[in-house]
Amino acid sequence: MTVQFRNPDGMTRPTPYHHVAIGSGTRHVHVAGQIARLADGTPVAPGDLTGQVAQALRNTAAGLTGAGATFDDVVRLTFYVTGWTPDKIDGFMAGIEQVAAEIGLAVPMPPASLIGVEYLFEPDVLVEVEATAVCD
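Quick note: the sequence shown uses full-length UniProt numbering, first residue 1, plus one each step.
No lab work stands behind these hints: they were computed from the structure. All values reported here derive from a predicted model rather than from experimental measurement. Just so you know, even glycine gets a beta-carbon here, dropped at the ideal spot from N, CA and C. Hints are supplied without guarantee of correctness; some may be wrong.
Claimed, not checked - Computed Cβ-Cβ distance ranges for the label pairs, DEER-style:
{"no.": "1", "residue 1": "11", "residue 2": "72", "range": "30 to 38 Å"}
{"no.": "2", "residue 1": "83", "residue 2": "7", "range": "23 to 31 Å"}
{"no.": "3", "residue 1": "13", "residue 2": "41", "range": "34 to 42 Å"}
{"no.": "4", "residue 1": "66", "residue 2": "117", "range": "24 to 32 Å"}
{"no.": "5", "residue 1": "27", "residue 2": "90", "range": "33 to 41 Å"}
Claimed, not checked - Here are the computed lysine to any residue pairs in the SDA-like style, where the Cα-Cα straight-line distance is at most 20 Å:
{"no.": "6", "residue 1": "88", "residue 2": "62"}
{"no.": "7", "residue 1": "88", "residue 2": "3"}
{"no.": "8", "residue 1": "88", "residue 2": "30"}
{"no.": "9", "residue 1": "88", "residue 2": "70"}
{"no.": "10", "residue 1": "88", "residue 2": "67"}
{"no.": "11", "residue 1": "88", "residue 2": "47"}
{"no.": "12", "residue 1": "88", "residue 2": "65"}
{"no.": "13", "residue 1": "88", "residue 2": "42"}
{"no.": "14", "residue 1": "88", "residue 2": "124"}
{"no.": "15", "residue 1": "88", "residue 2": "15"}
{"no.": "16", "residue 1": "88", "residue 2": "104"}
{"no.": "17", "residue 1": "88", "residue 2": "14"}
{"no.": "18", "residue 1": "88", "residue 2": "68"}
{"no.": "19", "residue 1": "88", "residue 2": "123"}
{"no.": "20", "residue 1": "88", "residue 2": "41"}
{"no.": "21", "residue 1": "88", "residue 2": "46"}
{"no.": "22", "residue 1": "88", "residue 2": "28"}
{"no.": "23", "residue 1": "88", "residue 2": "72"}
{"no.": "24", "residue 1": "88", "residue 2": "66"}
{"no.": "25", "residue 1": "88", "residue 2": "132"}
{"no.": "26", "residue 1": "88", "residue 2": "45"}
{"no.": "27", "residue 1": "88", "residue 2": "63"}
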């Protein structure tokens with residue numbers, strides 16, 4: 001499978017992600033609902049956006065691996081962050097930078113959306129990650 005990333009002329013630059021991903025392959029992998037929890041459900045990094053971003057991405061990597069994919073196959077990431085305000089970007093990006101090499105997430109990232117939400121399903125959850133990959 002091949003994923004090509006592009007930042008066409010006329011699109012905002014610089015960004016910490018690519019604007020366009022072109023995936024060729026027949027197997028689609030969707031990983032959703034990844035939060036900062038260990039496999040046994042123990043919360044990780046309560047109250048710490050940086051730590052929760054890092055752990056949610058680790059869990060996303062585990063989901064991809066379980067489906068025979070890697071971040072090299074990812075064509076889209078979506079991040080949901082509670083109580084989002086622009087001043088949180090440094091902590092958010094620090095979580096990505098903290099774990100990127102460990103999980104094989106290239107920076108700039110695949111096309112990504114960061115969506116501010118009022119609340120996720122439990123009060124301690126600050127971030128949730130979804131990934132879409134195209135393989136084979």
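Now for the hints, and whether the structure bears them out:
1. 11 <-> 72: 30 to 38 Å: 22 Å, violated
2. 83 <-> 7: 23 to 31 Å: 30 Å, holds
3. 13 <-> 41: 34 to 42 Å: 41 Å, holds
4. 66 <-> 117: 24 to 32 Å: 26 Å, holds
5. 27 <-> 90: 33 to 41 Å: 36 Å, holds
6. 88 <-> 62: Roughly 26 Å between the alpha carbons, so the hint for residue 88 and residue 62 is violated.
7. 88 <-> 3: Outside the cut-off at roughly 30 Å; violated.
8. 88 <-> 30: Status violated; Cα separation ~27 Å.
9. 88 <-> 70: 27 Å, violated
10. 88 <-> 67: 32 Å, violated
11. 88 <-> 47: Holds: residue 88 and residue 47 sit about 13 Å apart, inside 20 Å.
12. 88 <-> 65: Violated, at about 29 Å.
13. 88 <-> 42: 24 Å, violated
14. 88 <-> 124: At roughly 16 Å apart (the allowed maximum being 20 Å), residue 124 and residue 88 satisfy the hint.
15. 88 <-> 15: With Cα atoms ~16 Å apart, residue 88 and residue 15 stay inside 20 Å; holds.
16. 88 <-> 104: Violated - the C-alpha atoms of residue 104 and residue 88 are around 24 Å apart, more than 20 Å.
17. 88 <-> 14: Since the Cα atoms of residue 88 and residue 14 sit roughly 18 Å apart, the hinted pair holds (cutoff 20 Å).
18. 88 <-> 68: 33 Å, violated
19. 88 <-> 123: 18 Å, holds
20. 88 <-> 41: 26 Å, violated
21. 88 <-> 46: Distance of about 16 Å is within 20 Å: holds.
22. 88 <-> 28: Violated, because 32 Å separates the two Cα atoms, which is more than 20 Å.
23. 88 <-> 72: Given pair residue 88, residue 72 is violated - Cα atoms ~27 Å apart, limit 20 Å.
24. 88 <-> 66: Given that 20 Å is the threshold and the Cα spacing comes to 31 Å, the pair is violated.
25. 88 <-> 132: 25 Å, violated
26. 88 <-> 45: 16 Å, holds
27. 88 <-> 63: Since the Cα atoms of residue 88 and residue 63 sit roughly 26 Å apart, the hinted pair is violated (cutoff 20 Å).
Comparing the model with each numbered hint stated earlier shows that hints 1, 6, 7, 8, 9, 10, 12, 13, 16, 18, 20, 22, 23, 24, 25, 27 do not hold.
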